[in-house]
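Based on the provided sequences and hints, a complete structural model is requested.
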Amino acid sequence: MKIYGNSESIENAIRQILFEKSEEGIARITLNRPEKHNAMTVPMRTRLMALLQQCDLDETVKIIVIAGNGKSFCSGNEINEDWGQRVPGQKRMSLTMANRYASDLNYGRQGFSQALTRSKKITILALHGYCAAAAYFMIATRCDLVVVNPSSKIGALEARFLGPAGAVSAVHINRILGTKAARRYGYTGAAMSGDDALRIGLAHSCVPDEEMATEVTAIAERLAKQPEPILAYYKSRICASESLFQTNVREISGLLFSHFLQAGDDEAHFWTQVKKSGVSGALDADKARLAAATQKLSDA
Amino acid sequence: MHPASVRCERNEGSQIGRLIIARPDAKNAILIEMVGLLLQGLDHFAKNDDVKVIVISAEGSDLTSGFDPSQVELIYKSAPGGAVKKVPSQRARLMALNLMWWGPDGLYTRILHSPKVTILAAKGMCYEVGLYLTLCCDLVLADCSARFANPRWRHVGVDGDLSMLVSAVGLKRAKGLLIFGETWSASQAHSYGLIDELIDAQDLESEVLKLATFCTQVMRDGIAAEKHVVFASLAKMQITTGFAAATAVGAWASNLHFRDGEFNFLREVRTHGLENALRNAEFYFSAL
Amino acid sequence: MIDLKLSGALATITLQELEPLSRHDIEFALELRNVIRDTADDDNVKAIILRTEGSDFCLPPTASDLKIAADSRIKKAAAWHAAYSASAGLYQNMVYCKKFILTVTRGQCAGAGSMLVLCSDFTVSSFDATFAAPFAQYPESNLVLAELTMRLNRAKSWMLGGSAWSAEKALHAGLINQAVDAADLDACAVSAAKAAALMPLDGVAMTKVLLESFLDTQGVGQDFDMADFYASSMLAAQTQSREK
Numbered sequence: 007m008k009i010y011g012n013s014e015s016i017e018n019a020i021r022q023i024l025f026e027k028s029e030e031g032i033a034r035i036t037l038n039r040p041e042k043h044n045a046m047t048v049p050m051r052t053r054l055m056a057l058l059q060q061c062d063l064d065e066t067v068k069i070i071v072i073a074g075n076g077k078s079f080c081s082g083n084e085i086n087e088d089w090g091q092r093v094p095g096q097k098r099m100s101l102t103m104a105n106r107y108a109s110d111l112n113y114g115r116q117g118f119s120q121a122l123t124r125s126k127k128i129t130i131l132a133l134h135g136y137c138a139a140a141a142y143f144m145i146a147t148r149c150d151l152v153v154v155n156p157s158s159k160i161g162a163l164e165a166r167f168l169g170p171a172g173a174v175s176a177v178h179i180n181r182i183l184g185t186k187a188a189r190r191y192g193y194t195g196a197a198m199s200g201d202d203a204l205r206i207g208l209a210h211s212c213v214p215d216e217e218m219a220t221e222v223t224a225i226a227e228r229l230a231k232q233p234e235p236i237l238a239y240y241k242s243r244i245c246a247s248e249s250l251f252q253t254n255v256r257e258i259s260g261l262l263f264s265h266f267l268q269a270g271d272d273e274a275h276f277w278t279q280v281k282k283s284g285v286s287g288a289l290d291a292d293k294a295r296l297a298a299a300t301q302k303l304s305d306a
Numbered sequence: 013m014h015p016a017s018v019r020c021e022r023n024e025g026s027q028i029g030r031l032i033i034a035r036p037d038a039k040n041a042i043l044i045e046m047v048g049l050l051l052q053g054l055d056h057f058a059k060n061d062d063v064k065v066i067v068i069s070a071e072g073s074d075l076t077s078g079f080d081p082s083q084v085e086l087i088y089k090s091a092p093g094g095a096v097k098k099v100p101s102q103r104a105r106l107m108a109l110n111l112m113w114w115g116p117d118g119l120y121t122r123i124l125h126s127p128k129v130t131i132l133a134a135k136g137m138c139y140e141v142g143l144y145l146t147l148c149c150d151l152v153l154a155d156c157s158a159r160f161a162n163p164r165w166r167h168v169g170v171d172g173d174l175s176m177l178v179s180a181v182g183l184k185r186a187k188g189l190l191i192f193g194e195t196w197s198a199s200q201a202h203s204y205g206l207i208d209e210l211i212d213a214q215d216l217e218s219e220v221l222k223l224a225t226f227c228t229q230v231m232r233d234g235i236a237a238e239k240h241v242v243f244a245s246l247a248k249m250q251i252t253t254g255f256a257a258a259t260a261v262g263a264w265a266s267n268l269h270f271r272d273g274e275f276n277f278l279r280e281v282r283t284h285g286l287e288n289a290l291r292n293a294e295f296y297f298s299a300l
Numbered sequence: 327m328i329d330l331k332l333s334g335a336l337a338t339i340t341l342q343e344l345e346p347l348s349r350h351d352i353e354f355a356l357e358l359r360n361v362i363r364d365t366a367d368d369d370n371v372k373a374i375i376l377r378t379e380g381s382d383f384c385l386p387p388t389a390s391d392l393k394i395a396a397d398s399r400i401k402k403a404a405a406w407h408a409a410y411s412a413s414a415g416l417y418q419n420m421v422y423c424k425k426f427i428l429t430v431t432r433g434q435c436a437g438a439g440s441m442l443v444l445c446s447d448f449t450v451s452s453f454d455a456t457f458a459a460p461f462a463q464y465p466e467s468n469l470v471l472a473e474l475t476m477r478l479n480r481a482k483s484w485m486l487g488g489s490a491w492s493a494e495k496a497l498h499a500g501l502i503n504q505a506v507d508a509a510d511l512d513a514c515a516v517s518a519a520k521a522a523a524l525m526p527l528d529g530v531a532m533t534k535v536l537l538e539s540f541l542d543t544q545g546v547g548q549d550f551d552m553a554d555f556y557a558s559s560m561l562a563a564q565t566q567s568r569e570k
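Sequences listed follow chains A, B and C, in order.
Quick note on my numbering: the first sequence kicks off at 7 and runs consecutively.
Quick note on my numbering: the second sequence kicks off at 13 and runs consecutively.
Quick note on my numbering: the third sequence kicks off at 327 and runs consecutively.
Mixed in with the good hints there might be a few duds.
Unchecked claim - To give a feel for the contact side, a few chain B residues facing chain A, derived at Cβ under 8 angstroms:
hint: 1; residue: Met176
hint: 2; residue: Asp208
hint: 3; residue: Leu210
hint: 4; residue: Gln229
hint: 5; residue: Gly234
Calculated directly from the structure, the hints in this document are not laboratory data.
The C-beta atom is built at its ideal place from N, Cα and C for all residues, glycine as well.
Printed below as a string of structure tokens:
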């Protein structure tokens with residue numbers, strides 16, 4: 007299988023996605039790139055997928071816990087990453103590359119998000135801090151049980167400047183949040199708090215940050231007391247129902263268009279801004295733009 | 013001839029289009045002409061590249077009490093095969109329901125498939141058509157006076173799409189409204205996931221505009237890309253099937269037979285109007 | 327022992343206990359199925375109340391209950407299918423019933439009781455009621471129906487959460503419709519049933535035709551159809567667990 011990424015991101019992935027397994031059969035996959043809010047490079051996602059597939063084959067693994075080191079679970083995919091998409095002499099993104107990015111390296115049948123939703127093991131997510139973009143679409147809304155804390159900020163937080171890109175159209179998100187909440191969070195890019203996530207039905211439980219590790223461990227240990235074949239049966243029931251309910255696959259996604267969006271003269275183009283002032287500059291410019299629009303409305 | 017009862021407005025340079033239902037003296041009961049004006053307005057804003065968001069609101073204290081019952085027969089009689097015999101035919105009813113509400117050019121389909129973000133300002137009665145405006149618009153802000161129901165259903169049976177309601181609030185909760193005669197307050201609607209936010213009445217207009225402005229910050233290409241893939245996922249969630257079923261069952265409903273002892277709601281509506289029919293129904297059943 | 331009382335458009339089915347269903351008692355299921363089916367076919371009836379006597383709707387199955395249920399599935403597979411998982415079986419008769427069914431619950435609701443709550447149109451419970459998920463133990467339990475009722479993650483949370491839900495939590499999730507004082511339970515159920523029974527008979531038919539079509543487009547019928555596979559899969563899992 008072709009390995010995508012650059013030499014640095016490929017080399018770092020093993021340190022940026024940690025793995026351990028307890029005697030009770032609880033596997034822990036921990037995102038470990040806290041200096042970048044655990045933003046996932048392509049090699050990190052590839053490693054995540056490989057670990058999930060490894061757990062599928064390991065009868066001693068009963069439960070998978072996914073978590074992130076640092077202040078946030080995960081801010082999404084690494085923006086503006088060199089993963090091998092640039093073809094020498096080719097200036098524009100092609101459909102082949104867009105599909106490779108959107109599908110293979112994200113939500114497609116062979117991608118890490120499908121490995122997660124179709125995992126043969128029950129998955130528990132410890133979600134603290136930010137959980138945005140790909141982390142929201144492809145991890146938080148794919149794990150079986152999600153534990154959050156009140157100050158969690160969850161959602162398609164990039165929707166305002168990158169487009170909703172699947173946040174509204176994804177059937178699984180509609181079925182988890184309800185159609186209205188899916189639209190609300192998708193079209194506004196607003197953040198769901200941990201309390202919101204519990205109230206709406208995304209989260210299994212919402213506990214203070216200092217209790218999160220205990221809560222997740224307690225859930226994992228309780229489930230892990232059951233024999234592995236029984237847990238596999240539960241997971242097979244869940245997977246079958248998701249097939250019937252049409253939530254475990256992705257449909258045509260707005261993510262396919264992400265690299266091709268054209269900004270109007272009166273609109274800010276995120277990628278153009280990134281080239282000018284980097285990602286932080288682009289995010290700051292977006293905030294300023296929103297503040298100005300809201301102020302204009304207040305003055306009217 | 014009724015005065016223009018849906019206004020289509022946009023401030024110069026604004027990215028927000030407004031459709032305002034304006035028949036407050038009749039509780040914004042929807043006439044055939046008003047459906048046409050809403051469709052025209054949706055089309056007008058869909059074709060305007062400057063517009064990103066469409067806000068639907070209403071004058072007066074109610075969003076709408078529903079479709080004006082005085083024109084129900086007219087819809088059917090106007091359809092092909094509708095005036096051949098004394099009673100409109102099945103084909104006329106099917107075509108009328110498809111054309112007016114559930115088919116590709118029907119009001120609910122056109123709102124659901126709007127290429128722009130749609131925001132509804134809900135207040136007072138949000139009945140029948142109002143309930144479906146709530147379901148089909150992307151975002152809904154309501155003031156505390158808003159209440160959501162389809163009062164006819166408990167007296168005749170359910171004849172509308174189920175899929176949007178169940179997808180929003182869940183199956184058994186939906187049945188409370190569909191079958192068991194519930195009217196949901198704004199607070200209940202918010203708790204159940206039917207609406208997005210509950211706003212104080214005096215702030216409804218400003219909060220709707222604020223939300224609309226927020227949504228205008230998304231790139232046109234971004235809105236359009238998402239909207240068009242939403243259409244695919246609506247089909248995947250079988251909303252299209254639900255709409256087709258609503259047409260079929262809505263027409264089938266014309267063959268409804270009230271047995272001895274049952275309250276002939278449709279005759280009451282024809283004779284005394286909808287409000288009186290509902291009131292008389294309450295008296296009838298309380299006496300049982 | 328199934329007691330049926332008819333009063334105008336309302337039918338009330340009262341059972342002494344529901345636990346035989348959690349033991350996959352074939353005759354019991356067929357008898358209840360017959361009463362529901364035949365009552366639904368009565369043109370005078372529009373709403374059916376399903377309730378039990380006693381302080382609990384359906385107690386959690388014991389290890390012995392589960393063993394008896396498993397034996398029933400294995401040794402009387404065809405009969406089990408006919409009674410529990412077939413389209414003519416008990417649960418599908420409820421979900422696709424021609425009339426509205428209300429379940430009335432108090433105390434513990436587990437095992438087959440939770441299935442009956444899921445399969446009914448409306449549920450009124452006492453404040454003290456609790457609801458345990460049935461999916462781990464009963465292959466005929468319909469997870470798609472639960473997902474459609476309370477949203478996807480809540481259904482998973484109920485299934486994997488390990489504890490019965492309170493009435494408050496069940497109400498918030500949409501598993502039940504009303505939670506009331508125990509003293510008012512039956513009266514509230516009757517009031518709700520009467521509200522539903524205002525609908526003309528033809529209107530009930532219309533509503534149920536729409537619902538039936540809708541449920542099958544969402545995968546509910548298909549999940550029922552898979553029950554025999556789930557039963558085999560559960561048996562294999564249990565066998566493997568014992569061998570380890």
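Here is how each hint holds up against the structure:
no.: 1; hint: Met176; in the structure: holds (7 angstroms)
no.: 2; hint: Asp208; in the structure: holds (5 angstroms)
no.: 3; hint: Leu210; in the structure: violated (13 angstroms)
no.: 4; hint: Gln229; in the structure: holds (5 angstroms)
no.: 5; hint: Gly234; in the structure: holds (3 angstroms)
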